[in-house]
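First to last, the protein sequences are chains L and W.
For the first sequence, counting from 1, position 100 maps to 85 in the numbering used here; every step adds exactly one.
To convert, take the position in the second sequence, counting from 1, and add 357; that gives the numbering used here.
Please keep in mind that the hints were generated in silico from the structure rather than gathered at the bench.
Because the structure is a prediction, the values reported are computed rather than measured.
C-beta atoms are modelled at their ideal positions from N, C-alpha and C, and glycine is treated no differently.
Some clues are possibly wrong.
Think about it this way: if two alpha-carbon atoms lie no more than 16 Å apart in a straight line, the pair counts; the simulated EDC-like pairs of lysine to aspartate or glutamate are [to be verified]:
1. W/984 <-> W/945
2. W/951 <-> W/885
3. L/131 <-> L/108
4. W/367 <-> W/475
5. L/115 <-> W/1000
6. L/115 <-> W/1009
7. L/131 <-> W/945
8. W/611 <-> W/569
9. W/914 <-> W/885
Listing some non-contacts, in silico: residues in chain L with all C-beta distances to chain W over 10 Å [stated by the list, open to error]:
10. 54
11. 63
12. 65
13. 105
14. 127
15. 137
16. 138
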Amino acid sequence: MGITITINGHAHAVTASDETPLLYVLRNDAGCKGVRYGCGAGQCGTCMVIIDGKPVQSCDVPVSAVADKSITTIEGIGTEAHPHPLQRAFVEEQAAQCGYCATGIIMSAKALLDANPNADDADIRDALSKNLCRCGTHQRILRAVKRAAAEMRK
Amino acid sequence: MTTANTTPRKLPGSLQTNRSLATWLSINRDGTVDMRPGKIEIGQGILSALTQIVAEELDVNLERIRVVTADTAHSPNEGTTSGSRSIEESGMAFRYAAAEARELLLARAGVKLGVSLEQLSVSDGTITSRGGGSVTYWDITDASLLQREATAETAPKSHTQHKIVGGSAPRADIPRKVSGVPSYVQDMEMPGLLHGRVSRPPSPGAQLVSVELDEVRAMPGVVAVLRDGSYLGVVAEREEQAIRAQRRLARSAKWREVAKLPEFDPRFLLKLPAKTEVISEKNDAKVAAIVTKGATLEAEYSRHFLAHAALAPSCAVAICNAGKYTVWSHSQGIYLLRDEMAPALGVALEDVVIHHMESAGCYGHNGADDVAFDAALLARAVPGRPVRVQWMRDEEFMWEPVSSAMVVKTGATLGKDGNIASWHFDVWSHGHTSRPGRGTGSNLLSSWYLEKPLQRAPTGNPPMPGGGSHRNAIPLYEFPNQCVTNHLIPDPPIRTSSLRGLGSQTNVFAIESFMDELALAANIDPIEFRLRHLKDARARAVIEKVAAMAGWKANQKGDGVRGRGIGFARYKNAAAYVAIIAEVELAEDVRVPKLWCAFDVGQAIHTDGVINQMEGGIIQAVSFTLKEAVKYDRERITQQSWDDYPILSFTEVPEVEVALINRPELPPVGAGEGTQGPVSAAIGNALFNAANVRLRDLPFTRDRLIAAMA
């Protein structure tokens, strides 16, 4: 008890017990519904967030492990009115069917592009290898990430 | 008593069963239009297509149209959103309803402006008279406008007048979804929301012998623990508390397991009693007499059980107030679900209202309906408080209905001209539908485990011509002699229901693989061989188009590592035409770097939407073909995670090039299914082209490739 975490730049006092997966704190206490449950075992990427620059699956991390750390969720990188270049590129490429995987994929892609603005096709595929998409929208998603990368390099 | 003919006029699409215009549309005084489809969004982008139809016929801008999400209290009952029928059913209803609404508005405007209808034109809801003067829809509308039965006597626009239909307006939902705005049933928040979980048996049909409930009741946050026969559920204040309580229940529960699952080989089907039915028979004695000297080939194909494996496990929210239930569900058929849930809960139909909410992409009957019933059962234990039930990943993998394993045996004889003179084709499968609401018993999973269990409804097939296990079993090719037989095996030991394309994936895989085997025997190029047996001009067009796209060279063999193959079908022999060419590369396993697709869905309503559906269907079918099979042993479904049921990943996805042959003058049909069989066959045929290995059992795993090449 007594843990504080930083979510999208705001301090958040955790009321859940220590071993609670970060996912449930983000979704149910901090209202970050764009962080999504998919497997609870770090296998699908729908709950991806960025912690200290690294993509992390929040279903697989107890909240106590991120005490005093800075967590960025999809809500922290842009909004419908002011989207991040990745979010804008997903709209421009219509890179969704159901869209359930999209927020996790955008977070994985953001972590990649922040570290490597010149990422190529193989880098992008590799960075997204922990994210599953069941609708088969991969091709559009890869196009969107490349479009955003070009935009972010400008 | 009237003696007039009282048979109601046949109306287009779902207008036939929902005949009031006001059910479908409202023209509002505030300058907006409400449209109320009974079909729902399952990730296929259908609402964008329906919106384009309404905007087109009404002559209003897309921005004015608001889509009211379906619920059982207000929306037209359009059955299920399945089978790629939404454009044919909902789309045609909206097309005629909107055309008629426009004419009713024009009639009012004509009176108001004192001119004849011919003098009037409409732009974005403003009606202008040629001689000057105008009114808007919003000025002249009122509640009575659409309070009438549809006549469908107003002709919709000709395709040559279409300005919006055929376009690709950006989908309204994508900006929200990629920003993390709550969009799914999983995201619902309500005051006092509780979290429910179910503790399921270890295997189908297992009976609960004992369980410790008191220790679970004492756990932090636990509000209710429910045991009803062999059904165990828990409700807690917080989600992680509900999960912990579920796990504790699972640890203490003792079960008597009774399941006898089949061997891990689809050929178990051949040993079981079947209901056998000849579904197509053609006899041409003249041809039969002359073919006896031709080559005869036989082959057997199979596919394992297949899972939907939606990215989000199923979820629902329910609240029970004074015996009345309100439920939020991602069911594909909210009315059918209500019809099944109300008696299972012991209440009247009107005491259950179901609101549709989106979830992750849905490719058939998954756990959506079952979890809605779970939410209602747990909500009944905590009256007045909403309960959100989220299935866990292992629960979805072990308990959602799956698509039946299948076996096909086929044989054919070639005539001396190299053409197919006779063809037979036999299909063995369990049924491909067990959706709720058919009135023959209960298809809600948890209802079978209650103290007073409900009778399980039989699993069956939708009737021909669409069919279920026999969907696409009858070839579109024209053979002088043929016999196609369906062997339906009742009582599946593993729960089966509909998955994208139903039996068509296996049947088309078998037909199209066998066509290549016969082309080889006849020493004719596979594309030429197909065209020899096809008269349908649209079928020929997609095959010729895809051949041109891929630069197909007749009779070109692969180089031992790379190869190409083709697959073709017309979905249900009545809907989308799809031709696929796949390129494969043999490494340690089968890789598919590229696929080409040419398709024809008649009139494309939302062009980017149908292309997106084709691309997605193709990539998913590559995953089906290379990787997927439900894992089980003789007692239990053993797949619990994505490790046990891998799907195609970003490092493996092919490039897909898609070409639409648009036919705006023809009726539109759905685009969601139709790629699955052609893709599987094209990959199998490409493997043979590459390295002379013929894989007849899906999926094409590394082990099978190695065994075939040995």
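Hints, verified against the model:
A distance of roughly 14 Å separates the Cα atoms of residue 984 of chain W and residue 945 of chain W; the hinted pair therefore holds under the 16 Å criterion. A hinted pair counts as satisfied when its Cα atoms are at most 16 Å apart, and residue 951 of chain W with residue 885 of chain W does not qualify at roughly 22 Å. Using a Cα cut-off of 16 Å, the hinted pair residue 131 of chain L and residue 108 of chain L holds, with the two alpha carbons roughly 11 Å apart. Taking the CA atoms of residue 367 of chain W and residue 475 of chain W, the gap is near 28 Å; set against the 16 Å cutoff, the hint is violated.
Under the criterion of a C-alpha separation no larger than 16 Å, the hint pairing residue 115 of chain L with residue 1000 of chain W is consistent with the structure, at around 12 Å. A hinted pair counts as satisfied when its Cα atoms are at most 16 Å apart, and residue 115 of chain L with residue 1009 of chain W qualifies at roughly 12 Å. Restraint check for residue 131 of chain L and residue 945 of chain W: not satisfied, since their Cα atoms lie roughly 29 Å apart, outside the 16 Å limit. Pair hint residue 611 of chain W plus residue 569 of chain W holds up; C-alpha atoms about 10 Å apart against a cutoff of 16 Å.
A hinted pair counts as satisfied when its Cα atoms are at most 16 Å apart, and residue 914 of chain W with residue 885 of chain W qualifies at roughly 15 Å. With a minimum CB-CB distance of about 19 Å to chain W, residue 54 of chain L clears the 10 Å threshold, and the non-interface call stands. In this structure residue 63 of chain L is not separated from chain W by more than 10 Å, as the shortest Cβ-Cβ distance comes to only about 7 Å. For residue 65 of chain L, the shortest C-beta to C-beta distance to chain W comes to about 5 Å, within the 10 Å cut-off, and the non-interface label is violated.
With a least beta-carbon separation of about 13 Å from chain W, residue 105 of chain L lies farther than 10 Å from that chain, consistent with its non-interface assignment. With a least beta-carbon separation of about 8 Å from chain W, residue 127 of chain L fails to lie farther than 10 Å from that chain, contradicting its non-interface assignment. Residue placement check: residue 137 of chain L keeps its beta carbon more than 10 Å from all beta carbons of chain W (closest about 16 Å). Its beta-carbon lying about 21 Å from the closest one in chain W, residue 138 of chain L satisfies the requirement of being farther than 10 Å from that chain.
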